[in-house]
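Undergrad: Chain residues, written in single-letter form:
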Amino acid sequence: GESVGLHLPTLSVQEGDNSIINCAYSNSASDYFIWYKQESGKGPQFIIDIRSNMDKRQGQRVTVLLNKTVKHLSLQIAATQPGDSAVYFCAENMGRNTPLVFGKGTRLSVIA
Amino acid sequence: DSGVTQTPKHLITATGQRVTLRCSPRSGDLSVYWYQQSLDQGLQFLIQYYNGEERAKGNILERFSAQQFPDLHSELNLSSLELGDSALYFCASSATGGYYGYTFGSGTRLTVV
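Protein chains in written order, with our numbering: chain A, 1 to 112; chain B, 1001 to 1113.
Treat the hints with care, as some may be off.
To be verified - In silico contact screen, one side only, chain A against chain B (beta carbon under 7 Å); selected entries:
| hint | residue |
| --- | --- |
| 1 | Tyr25 |
| 2 | Ile34 |
| 3 | Lys37 |
| 4 | Phe46 |
| 5 | Lys71 |
| 6 | Ala78 |
| 7 | Ala79 |
| 8 | Pro82 |
| 9 | Asn97 |
| 10 | Lys104 |
| 11 | Gly105 |
| 12 | Thr106 |
Just so you know, these hints were derived from the structure itself, not from any lab. Ideal Cβ positions, reconstructed from N, Cα and C, are used throughout, including at glycine.
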């Protein structure tokens, strides 16, 4: 399940700095959003989610912000670590019983 | 280990051939989803099955087909393969309709030569 080779925008950050990964979603009717992390050799893994009635949700070292006005999601990672190096995808759910729609992804590269 | 098992991990085949990718969902999950990940397209939804029946269809080519068996495992069949079919194919599963997200397998890397 390697993601190496994907033609993606890349964000490079120094270890210990905060990272912000952005995503523009497509459908104003989407009511649930998820961030996934895909490490080399693995499939995408759930990180954090947010419902459309919220504008912020915090997890452990991660925060997701939702701006419905401009259809924008961001994932903030605090004190970025080498283990955070991966491809990050946002996904939107347009309703129950509809498949998730994934954004194109961003590659995060952490510089030690 | 996510609990979703995909086999094989790697597959190399020639143009025009047919292959079958296999997926065993996480225990208790009734829905299976297939996604294709290619260099420029990100994760593209192909098809979803729920408890043996097709539930949703995405941009799946007519040369591709899938099914979910009574034991809930699923197979994705790719025929008349072309070079452009080279990609990672992911299977994911969820308990019901997948509203709260899916659990992905590690994928099958298909290379068509």
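Undergrad: Now look at each hint and say whether the structure bears it out.
TA: Hint check results:
1. Tyr25: Tyrosine 25 of chain A check fails; min Cβ-Cβ to chain B is 13 Å, beyond 7 Å.
2. Ile34: holds (5 Å)
3. Lys37: violated (11 Å)
4. Phe46: holds (5 Å)
5. Lys71: With a closest approach of 17 Å, the lysine 71 of chain A hint is violated.
6. Ala78: violated (22 Å)
7. Ala79: Because about 25 Å separates alanine 79 of chain A from the closest Cβ in chain B, which is outside the 7 Å limit, the hint is violated.
8. Pro82: Violated, about 21 Å.
9. Asn97: holds (4 Å)
10. Lys104: Holds: closest Cβ of chain B sits about 4 Å from lysine 104 of chain A, inside 7 Å.
11. Gly105: The hint holds - glycine 105 of chain A has a Cβ within 7 Å of chain B, the shortest such distance being about 6 Å.
12. Thr106: This interface hint is violated because 11 Å lies over the 7 Å limit.
Checked against the numbered hints above, the structure breaks hints 1, 3, 5, 6, 7, 8 and 12 and satisfies the rest.
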